[in-house]
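> So the sequences go chain by chain: A and B.
Position 60 (the first sequence) corresponds to 551 in the working numbering; numbering is contiguous.
Position 160 (the second sequence) corresponds to 246 in the working numbering; numbering is contiguous.
Note that these hints are calculated values from the structure, not bench results.
The structure displayed is predicted, hence computed values, not measured ones.
Some hints could be false.
Cross-link-like lysine to any residue pairs, in silico, SDA-like; alpha carbons within 25 Å at most [what the hints assert, rightly or not]: (1) A:K740 with A:K755; (2) B:K201 with A:L829; (3) A:K507 with A:L845; (4) A:K894 with B:D161; (5) B:K170 with A:L498.
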Amino acid sequence: MLENITLSFQGIWAHKMRSFLTMLGIIIGIASIITIVSTIKGTNEQIKEDLIGSGNNVVDVTLKQDNTTYEMGYGGLPEGVSVISEKTRKTLEKLEGVKEVSLYRKRTWSENVFYRNTQYSGALYGIDTHYFSVNGYVLDYGRGFTDFDNRTFHKCAIVDTATSSSLFGGENPVGKVIEINKEPFVVIGVAGKLQNSGPKITTVQEYQTYAGNSSGSIFIPIDDWPIAYQYDEPQMVSVKADSTDDMTKAGKNVADALSVSQMKTGSKFSYAADDLLKRATQMQNLSSATNRQLLWIAGISLLVGGIGVMNIMLVSVTERTKEIGLKKAIGAKRKRILAQFLTEAAVLTSLGGLIGVGSGIGFSQVFSNVMGTRAAVSIPACIIAVAFSMAIGIIFGLLPAVKASNLNPIDALRSE
Amino acid sequence: MILEMTNINKDYPMGKSILHVLKNVNLTVMEKDYIAIMGPSGSGKTTLMNLIGCLDVPTSGTYMLGNRNIGTCSDNQLAEVRNKEIGFVFQSFHLLPKMTALDNVAMPLLFAGVKKKERRERAAEALKIVGLEDRMTFLPDQLSGGQCQRVAIARAIVGKPRLLLADEPTGALDSVSGKQVMQLFRELHDSGSTIIMITHDANIAKQADTMYTIFDGVLSGGEEQVE
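The following block holds chain A by itself, in its conformation from the complex (with noise of 0.2 Å):
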């Protein structure tokens, strides 16, 4: 075998140009394929990456009722539904995919926030001291809560950015007194996302999912929400995930942990997962089904290469017939021409592959570059793509091989 391999690269370093013509197909084919794939990859690392966020790996666990939002009205808690303890959230963060664990309420459009004559109509959140740890919030400056602050019921707030130039009109809050139900409460610090963690909007459903995001936040000590809203409402749960793909999993595990833990048997209420992890994968799901077409069409190069390869690897039986006639008259069995000439077309088309391989590769960045999109190299797909040039070989090598292997001795030494 190794012999036919080295008799295989003198015969195409000895026919450079023809060698070359001929890989071409195969390696217009090959290029097209693993620029396509590359694409692909890279499209839907970017879909992924844009509306889940890059390394947060969050998704929301919120009240449903009857499988739909539940909506906070005044009326605190429904009935069968249990305030989360903190020792449910420890519990939580021992779960299966689950790494950290963090209690909020939430209103999206907080009515009666003030800060002076100003209304506020951001969203408010009651947080506990795990939430910034979780949602990647970073303080700007100022200082963050404590246990302190919830164990005592300090009516502390803290702002993110968007709210500070909004509502503060360019003022250090720090210090700033603001009126939420007629409550006061003094601004501590002020905190922003890391540049990471936040979702790019590019859509309306986007928009919608994080619009409480762009008119600002004020964030108050989860233990301070009774005081503002004078009931105990039902919390939501921020779940950090070991990592992005454990985000489908580790949230279901803690919906269906409180909808055990929290509820009454029969409730109509139960605790669902946000599966932004599996919007993510339906959307790279479209996309992957309108590139997975363009395959075919590169296929079909591949094809058009192999009807090239055997063409030339035909003529190549007929150019060499004395060559088959000697090699049989002193010796040669049929199944070592058929593996010479097997060999030969599979090494011719292995290397069109790998030379494929490296245009594509190469042509999926200046696409890249061009477009605008990203490229990512898939490794599978790439030994895939040689792998199945070899076969290509093979598969039309093997009638001009069974040709060659079939030639009679007298008759091939003799012609002319």
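For chain A, the structure is supplied; the task is to place chain B on it using the hints.
Same frame as chain A, now just chain B:
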């Protein structure tokens, strides 16, 4: 005994009729024989050479090469016989142009499954026997006709076959090269090789120890020649 052909016939269908190319050929070759088979063009000598060389099988008759009945051999068995028992020397050398002299000579050993190192050593030894030890890395187009034929002879003897079969070995050579090649055959014979040479040239045939003539498919002669 190297080979024995008994009542060998070879027929080829020609449309509705049959062409009888060899008719009741009987030939016995003993070890260390040096035989020439001479005949004009179309006499059937190449067909006879193909049969002796196991490139073809007879239509009827028995051909024993050693203890093996060639008429009953499969294609693969015939290939093995050609590889191990017979060394071919062709009129037009049949060297592979992209291979060096050494690689050309080593080729039968490759088909015999000999390891690369041993192949190269034995090929170098064969080239030394034919006096081309200084041309091992040369390609055929860098060699003269006489040298090419000597490379072909080296290829024929590299596997130490029982029989050396030469088809018009000087046919493509000038007279000086032809003489050198014939001298080489004589030396090989003297060192113990069994040689059958097919030729149409009486002067070449005369250099063998025994001469047969073939005419219209009938083999005759076999008398020892006196120098």
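> Determine for every hint whether it applies to the structure shown.
Structure-based check of each hint:
With a C-alpha separation of about 24 Å, the suggested pairing of K740 of chain A with K755 of chain A holds against the 25 Å cut-off. About 21 Å separates the Cα atoms of K201 of chain B and L829 of chain A, which keeps this hinted pair within 25 Å; it holds. Restraint check for K507 of chain A and L845 of chain A: the C-alpha separation of about 16 Å stays at or below 25 Å, so the hint holds. Annotation: proposed proximity of K894 of chain A to D161 of chain B holds, straight-line Cα distance about 16 Å (limit 25 Å).
Among the hinted pairs, K170 of chain B with L498 of chain A is consistent with the structure: their alpha-carbon atoms are about 23 Å apart, no more than 25 Å.
Every hint, counting from the list given before, is met by this structure.
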